[in-house]
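Start from the sequences, fold in the hints, and give me the full structure.
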Amino acid sequence: MTGELIEHRQILTVTGEDRIPFLQGLVTNDVDKLSDGLVYAALLSPQGKYLADFFLVPQPEAILIDVADTLAPALLKRLTMYRLRAKVDVTPADTAVTGGTGPAPDGGFADPRHPALGWRAYGLSGDTPQTDWASLYVTHQIPASGAELIPDASYILEMGFERLNGVDFKKGCYVGQEVTARMKHKTELRKGLAKVTLDGSAAQGTEITADGKPVGTLHTVAGNQALAYLRFDRAKGRMQAGDATLTLTPPAG
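Residue 214 in the numbering used here sits at position 214 of the sequence shown, and the numbers go up by one each step.
Since the hints were made in silico from the structure, they are not lab data. Where a beta carbon is used, it is the ideal one built from N, C-alpha and C, also for glycine. Check the hints yourself; a few may be wrong.
Quick list of simulated restraints, FRET-style, between CB atoms [as the list claims (entries may be wrong)]:
(1) Pro-214 x His-185: 37 to 47 Å
(2) Arg-238 x Arg-182: 31 to 41 Å
(3) Gly-200 x Asp-18: 46 to 56 Å
(4) Gly-25 x Arg-238: 27 to 37 Å
(5) Pro-46 x Asn-224: 37 to 47 Å
See below:
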């Protein structure tokens with residue numbers, strides 16, 4: 001079975017005998033889970049803010065990092081900075097990323113974020129993209145790199161990383177872990193990603209208001225559904241974004 005090319009991705013290859021402990025001390029998820037397949041994770045700043053999200057991919061003598069091409073240069077630079085005396089090398093690779101929503105082919109991996117997102121594979125040939133991934137992301141409330149997930153601004157728990165299997169609270173220390181743990185143990189998050197229904201049109205990036213007060217920002221729009229970053233105590237009833245009226249809608253699951 002052939003999947004579709006997943007565009008705008010870059011592969012970084014991590015090799016060397018220290019590759020597992022090196023990544024384990026940096027990323028939000030447990031690298032030991034690679035024995036079960038793909039691991040979705042993020043690299044945070046010391047202040048706990050999102051820098052990049054990616055998939056870790058198990059290979060016999062390496063770990064691949066599948067990351068948005070716009071984030072790859074900064075991620076490579078930061079990993080190189082953290083390398084210090086660790087016996088690891090991180091290098092870009094020209095490897096195709098393919099995927100699909102049907103059964104995974106031999107060598108394919110289930111997307112750990114949500115079953116509806118299907119599978120991903122590496123180094124296989126792929127067809128021209130046909131799937132409306134943006135609609136799938138909105139339907140299942142999946143934040144996208146560079147859209148909802150904004151470097152040096154987003155917090156992963158507000159973006160739903162616990163629901164997306166992107167963070168492990170038992171794995172021990174990693175960069176930004178203290179801030180993330182404090183947010184986890186709050187009674188509730190005051191802000192975060194939500195799904196809204198639109199009546200009218202509004203563009204990504206439009207400010208959302210309610211009763212004249214700022215509520216948040218509109219993000220990816222797919223038909224009459226969209227993702228939005230909201231202040232929850234104000235996101236009640238009917239809201240406005242440009243020419244559109246918005247209401248909260250529950251995620252599909």
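Results of checking the hints against the structure:
1. Pro-214 x His-185: 37 to 47 Å: violated, 28 Å
2. Arg-238 x Arg-182: 31 to 41 Å: Given a distance of about 34 Å, which is inside 31 to 41 Å, the answer is holds.
3. Gly-200 x Asp-18: 46 to 56 Å: Holds - the Cβ-Cβ distance for Gly-200 and Asp-18, about 54 Å, lies within 46 to 56 Å.
4. Gly-25 x Arg-238: 27 to 37 Å: Given range 27 to 37 Å: violated, Cβ gap about 47 Å.
5. Pro-46 x Asn-224: 37 to 47 Å: holds, 40 Å
Going through the hint list in order, the structure does not satisfy hints 1, 4.
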